[in-house]
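Once you have looked at the hints, place chain B on chain A.
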Amino acid sequence: MNALRNIVDKLKPHFEEGGKFEKLHSVFDGFETFLFVPNTTSKSGSHIHDAVDSKRTMIIVVLALVPALLFGMFNVGYQHYLAIGQQAGFWETFFYGLLAVLPTIIVSYVVGLGIEFVIAQIKGHEIQEGFLVSGILIPMIVPVDTPLWMVAVATAFAVIFAKEVFGGTGMNIFNVALVTRAFLFFAYPTFMSGDKVWVRTGTTFGLGNGSVVDAFAGATPLGQVATATTPHVQITGILGQHFGFMDGFLGLIPGSVGETSALAILIGAAIILITGVASWKTMFSVFAGGAILALVFNLWGPDTASAHFPWYDHLVYGGFAFGAVFMATDPVTSARTETGKYIYGFLIGAMAIIIRVLNPGYPEGMMLAILLMNIFAPLIDYYVVDANIKRRMKRAIKK
Amino acid sequence: MANLIKTKRGLDIQINGKAKEVISQVVPSETYAVIPDDFHGITPKLVVKEGDEVKAGSPLFHDKNFDTMNFVAPVSGKILGVNRGERRKVLSITIQADAKNSYEKFNFKLSNKTTGDEVKEVLLKSGLWAFIKQRPYDVIANPQSSPKAIFISTFDSAPLAPNYEFVLSKQMDVFQTGVDALAKLTSGKVQLGVKAGSAFNSVKNAVITQYEGPHPVGNVGVQINHVDPVNKGEVVYTVNAQDVAIIGKFFSEGIVDLTRTVALTGPEVLEPQYYQIIVGCQLDKFYAGKVNANIPLRYIQGNVLSGKKSEGIFFLDPYTNQLSVIDEGSETHEMFGWAKPRFNKFSASHTLFTGIFESKLYKSMFGQKEYKYDARLMGGKRAIIMSGEYDKVLPMDILPEFLFKAMITGNIDKMEALGAYEIAPEDVALCEFVCTSKLPLQQIVRTALDNLKKELE
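The listed protein sequences derive, respectively, from chains A and B. With numbering that gives the first Met the number 0, letter number 171 in the first sequence gets 170, and the count goes up by one each step, no holes. With numbering that gives the first Met the number 0, letter number 118 in the second sequence gets 117, and the count goes up by one each step, no holes.
Since the hints were made in silico from the structure, they are not lab data. Fair warning: there could be bad hints in the mix.
Covered, in the sense of this in silico footprint (three residues per stretch, anywhere, with C-beta under 8 Å from a C-beta of chain A), are these stretches of chain B [to be verified]: (1) 301-307; (2) 342-349; (3) 381-389.
Short derived list, chain B residues pointing at chain A, Cβ under 10 Å [stated by the list, open to error]: (4) F165; (5) V226; (6) N230; (7) E233; (8) S329; (9) L376; (10) D396; (11) K413; (12) P439; (13) Q442.
Quick caveat, the model's predicted, so the values are computed rather than measured. Glycine included, C-beta positions come from ideal geometry on N, C-alpha and C.
The following block holds chain A by itself, in its conformation from the complex:
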């Protein structure tokens, strides 16, 4: 450790003002603070500080995403071998998925962090850790077969226009990962919907060679519900096998990489709730809002397949659980008052179900619901803060 510290100390002058590599100062600083806890001491105010920092906070979220990511990789392989009608062992299946997903992860991180590094240098501030989370979220919420250049374009768009123009991490109005997803969704609709993109049928780096079986149908369960012509529909897997609640909960179903397994997502939820990084108020309210509204549609809704889709299935299929756990709880874009979090969460859940049920054009409503509520979060906070102000005024008048 001392040897490494010496190297860092020796290199440091070159990266400071007037040094040879002055232009790479932010990058160097980023790596130094990655290696060592900064030894800057407090100049004013409190002399001691809590040992938590934003690096720690972000890394916990990344850690919480790992179960869903690993499961997602396995599922990519599983769906693939199912589609080509071959048997594969556990590791072969996982490895196929790993290789399929890894390029997206790399592209997302390289593009996003690259932009962050450049902007940090231009603005002269430290590299912010926010993208550590966004960068892993992006590969998890796009279909596995999304072309890499699209991921790159969408990531660049989101980082620049959804985050940096507002002032960087902590200042953004919209969830960066969701803006990436929305950009893909609206810019390349043919790639982002239908039944071709959710299951990778081709080979990955020469692995998993084979031709698709005849019975194959790659639509996601929610896609099947949205396009159903009869009021009651039996959702099926890619080979026509019947799906129930447990299939959605465990997650061996077609869908975006990270969203399919409610179980893996719940493990992640436990991590961020126990560590206190995410608010249980938001998370709980999203599920409550979704469940209540879906139940309302079940009981009194129109006579369509999506309205009849059971409320408990709504919670485990599609991106609902993933959005509730990892997207809605993003502290920056969510409501920031404690009361506001209940309202914000509830409306996300409710809105997602409304879009799913009442808008046949969009089988999935979670992305739009969260982005919409991102806009309204400051308004919710405004009214909560206003209530505090009014209480204060009343106190003065009462005297």
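Quick look at chain B alone, frame taken from chain A:
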């Protein structure tokens, strides 16, 4: 029966080096200094020059805005020099102390007939008015204001804070005199915040309220917020418990005796205990032999959360009741801090494994875990990211994050509406401690309050 108020939000930080309840005398230093900057918001106008002889209680300077508001010498002796900085700003006035302290005599007797104006006049003259602070703005009280109440907190809940019950155990009678004198200044009541069972429960001429809860429950700001919050246009005075005793001594003996009992605390102090020191005493020499000399240290006047950093040659601040010494930490390089379990570091969040040590089960089995603290920020400065952190440590009816944002953006209407009048930098010290984004919140509050005062007065 006194009213009992329990607060839940807050945080008691466990740090080593609590002062033993023993009081030692300090060898008086040769030079004493009065630093005008210690009196926040004052512009000094000198009344002495180099070579003048002064007594303890003789005026050195007065405030430019209130020429009756004196600031006095803590000891008798000869003025050594007036040190000036840029634009002739007075940095300090140093006094060569006499071998034996002689006091300026004030002949003032407190009686039932004494009016508030008389008390005010003599306090201004004797320099003791400086100990009376006001909310809003947390500055020395404006003598022209009429406070709706006077708040005194008789206990300090900050980390390693001195125990006033011990400090003032032999001065309860002068404390009572101080309360009686202060009571003349307000048309309202003197409000005393006490702990259940403390000797202060028997103080007369004051409304007693008992408090229970984690820090910052001992902060007078929190107590005001619970008992009689400050609204726009209202003023309350606040006086520290030890300062009440100094004021009380003045009214019973007629002298200005600025001897304070100060707790020397902190993990780097060899024998934490109490000392009797006169305000303005040269402190850097005082520390020799009392602290761990092997590492760079940070000397703090006050507690580790809201105290003032001292460097070089420094002197006892007039408001100090506690001295803390901690590891500066500038030589510490911790590798991969963001990934390590970090068993020896404390966090109020649960992102470190130390959360386990703070659980009731662990505490009941193994007792309180001790943590190591130093002056590092432990991270980089960021925009506000996490929400709800501040609320957990501020037991006031205030939305701290929104107040801070109004302060940062200088939005005066919002500041007023969200409670800027009720808050002092020390109240948000815990918010600053827990802040993931490492924002200098106390400084933000101080600057905002100063601007607010300038705009509105």
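Evaluated hints:
no., hint, in the structure
1, 301-307, "holds (count 4)"
2, 342-349, "holds (count 6)"
3, 381-389, "holds (count 7)"
4, F165, "violated (24 Å)"
5, V226, "violated (12 Å)"
6, N230, "holds (4 Å)"
7, E233, "holds (8 Å)"
8, S329, "holds (5 Å)"
9, L376, "holds (5 Å)"
10, D396, "holds (7 Å)"
11, K413, "holds (8 Å)"
12, P439, "holds (5 Å)"
13, Q442, "holds (4 Å)"
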